[in-house]
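A.B. asks: Here's the letter readout for the chains.
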Amino acid sequence: MFGFFSSLDCSLDIFFVEALLNGVLLAGLLALLALGLNLVFGVIDVVWICYAELVMIGMYAIFFFVQTVGLPLPLAFLLAIGLVAIAGLLLHYLVIRPVLDQPPINQLLVTGGLLFLLQAAATMAFGIEFRNLGLRLGSMNIGDMSFSWSRIITFAVAIAAVVALWQFLTRTYIGTAIRAISQDRQIMPLMGVDQKKVYLATSAIGGGLAGLAACLMVLQYDIYPQIGLQFGPLTFMICVLGGLGNMVGGFVAAFIIAQFITIGGSCVATEWGYAVAFLFFMLVIFVRPQGLFGAKS
Amino acid sequence: MLDLKGVDAGYGAFQALFGISMRVNAGEAVAVIGANGAGKTTLMRVISGMLPASSGTMTMEGSDLRTTPPHKVVELGIAHVPESRRLFPRLSVEDNLRLGAYIPSARAHFAERLDYVYGLFPRLKERRGQFAGTMSGGEQQMCAIARALMSKPKLVLLDEPSMGLAPVIVQQVFDLVRRIRTEGYTVLIVEQNVSQVLKVADRAYLLEVGRIVQSGSSAELAASDEIRKAYMGI
Amino acid sequence: MITQKHIAWAVGLTALLLLPLLIRLMFPDTDRYYLHLVIQILIWAFIYTGWSMMGRFGLTSLGHGAFTGIGAYVTVLLWNFAGITPWIGIPVAMLVATLAGLLVGYPCFRMRITGHYFALLTLAFTEFVRLCIIGLRDWTGGSLGTQPTRYGDGLSFYAVQFEPNRVLAYYIVLAVWLIGLMIWVKVDRSMDRYALDAASQDEDAAASVGINVTREKLKITAVSSAMCAFGGAIYGQYQMYIGPETIAGLGVSLNIVFAVIAGGIWSLMGPTFGAVFTQVLAEGLRVGLRGSETLSKLLGQSALALDTFIYGLLLVLFIIYMPKGVIGTLAERFRQK
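Chains as they are written, first to last, in the working numbering: chain B, 1 to 297; chain F, 1001 to 1234; chain A, 2001 to 2337.
Covered stretches of chain F (in silico footprint by chain B; criterion: 3 or more residues with CB under 8 angstroms from a CB of chain B, positions within the stretch not fixed):
hint : stretch
1    : 1045 to 1056
2    : 1063 to 1075
3    : 1081 to 1088
Calculated directly from the structure, the hints in this document are not laboratory data.
Glycine residues also receive a C-beta, built at the ideal position from the N, C-alpha and C atoms.
Make a model of the complete structure from these sequences and hints.
C.D. replies: What follows is the structure, encoded as structure tokens:
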């Protein structure tokens, strides 16, 4: 009956350790993805359901700049980050701002409409084929274990981005305002803070982080219009698990979920790794609805 | 300094303030007294732009307050210490103070102002790294006032600074108010604790259901039989 | 008393009963296509109505794509691999979906998970079910989907297969849709509704006057998930194909929510109107855009996704400019005049 367990091959061997470490590497990327979404939610109280689609747009932008325009990769990366940052800004200005006073579900759905729109736009512009930049970075071997350089670089950059963002949030005035705004929205004007500007800045940063995630993802993954559906739900799950809006919580949750995926993936099959992660998520939320690290409301 | 003429304001269909005219001169401490629900807090919110006035004129040193967006009011030199303090509970004391110095003119002097308020309130310096929400009520009120002073305001609006505090602490809060007066700030204070506030203020306005019904020097009002009966329980 | 409302219903119902004839007369060559469109609308209208049971009480679930998926897959798998007739398979599927709904719902309602959290949690549930479907690829065909094994010529009472006879299919789904409306009305008239209205406004107040909020929500969830599972099963039996993306997954969930919001969440016909609107829009755009030679030349392959693009754009515009849904907004305009 349980045919899928026939391939079950889980023992505490070198492959298990390899999966464990690969999980840590994957967690860096997931943490970065969750970070942008959490930032936006924490400040604006809106969930961008289309967040992963912004990442997808960034990946296609890099592909376009490199393959069609012929730009060098680093320049393409910078342009893509800028482009997605602007996309985040526009998303807030054109789509979120008009619905800020509507019920939360409408805010959720309006970005859901955007999800369809962005996917379709990507299909129209680039077709449904899987694309990639043909980058081969090779891998690092330690004993019998092998770790691809693209994953290692992704991890390092993601961690650096998290640290940089934290510096920004704690060292600058607008960063402090960003951390304060969810605690008391109404009195922000008394501090002389223009809420609209903080929202726009947050959206741009959220977009920029999606752009950075795009740069890292093109190193590892093929680009196709539906890639957002693979990473979107995962990102939401991590954010909720860590406590929506709680950036530290999201970071820890990314590491937990990544372990489920890589270890589950190496023991059984990728979908089951994901499925177990989602199951785990639901169980945790039933016990702690505010997330692992969320404050009780 | 602050000048209000015929100001009306309300929430939707409900009108809370009717033709308020009042002024605050530079260097004065002016109190607005009245019962719960008389519109005292609403008045403060209207002055600092959190609630738009529906008619009348309102100026701060000649600048029209009604056309100033809420977040620009601070830049005119008005700092509002809101009712029940409203600190950012999960930010450190110092981050709260940093937000008080958010406006460009204050940012330039942040370090200087920080030294100044820490000088005024050494207790805050001890607690600088602590989450503001973990401090006692009196310390939080101290922090709220310090946050307002960070912008180097000319006029400080104090909304019910003694509310929700233990009697011993209330005395401390009024000492704080005296302290900022002697530092040269103009003060507009709203209070239910009438006997105490009249000792601090030079002049006072009595607000009843959204209208100013009496005004004069603190001594006059403190001597008025009606006020003594209705608000001071004598 | 026969009121205007009764007459309107009688006229509407008669028109629906005669619809296949009308379509045959109007489009003698393409009547199968148009019937197909109407059948699709009715099946989705039933599913949307099922969703709106929860949606109107503030339980904005993104998990109904899981229920439709369970309905379709359990029915088909039981038939394909155990030879169990859908007459048993469909109730089993509904039972499974209901149990799943209660299992997810109970802790949510007990812990008062609402708003964004409820939406995202149910989204995770949808994703879990979709991943399970793909993971069980030996039976489900994985991401490629699967088909119910055809029984004889594909027209069978025993196997609940009716796809070749479009007129028959039409009457079957019409009946299903009407049952859906009846359930809606019954729930609407029952005490549950008042209890839930009170609960969705202020749970504490509702609880303090003795309403067991959790139990009321669970009842609604049970009805809603069973309906969506039934709708999913009927969809599978009619399409004779089920895929993880077409009847399960986030896309389906989002479509359900969109359609109901667009049609109007508060009224009986809102979800149905949403189904008409979204299906005609999607189909109209698809046919109109792909049929147009100028557009094909102009856009080439990319015309393939233009319909989805416009669909997404319209959804965004709708929510921004008509937050109360098409019916709600029109009704408001009408009243103002």
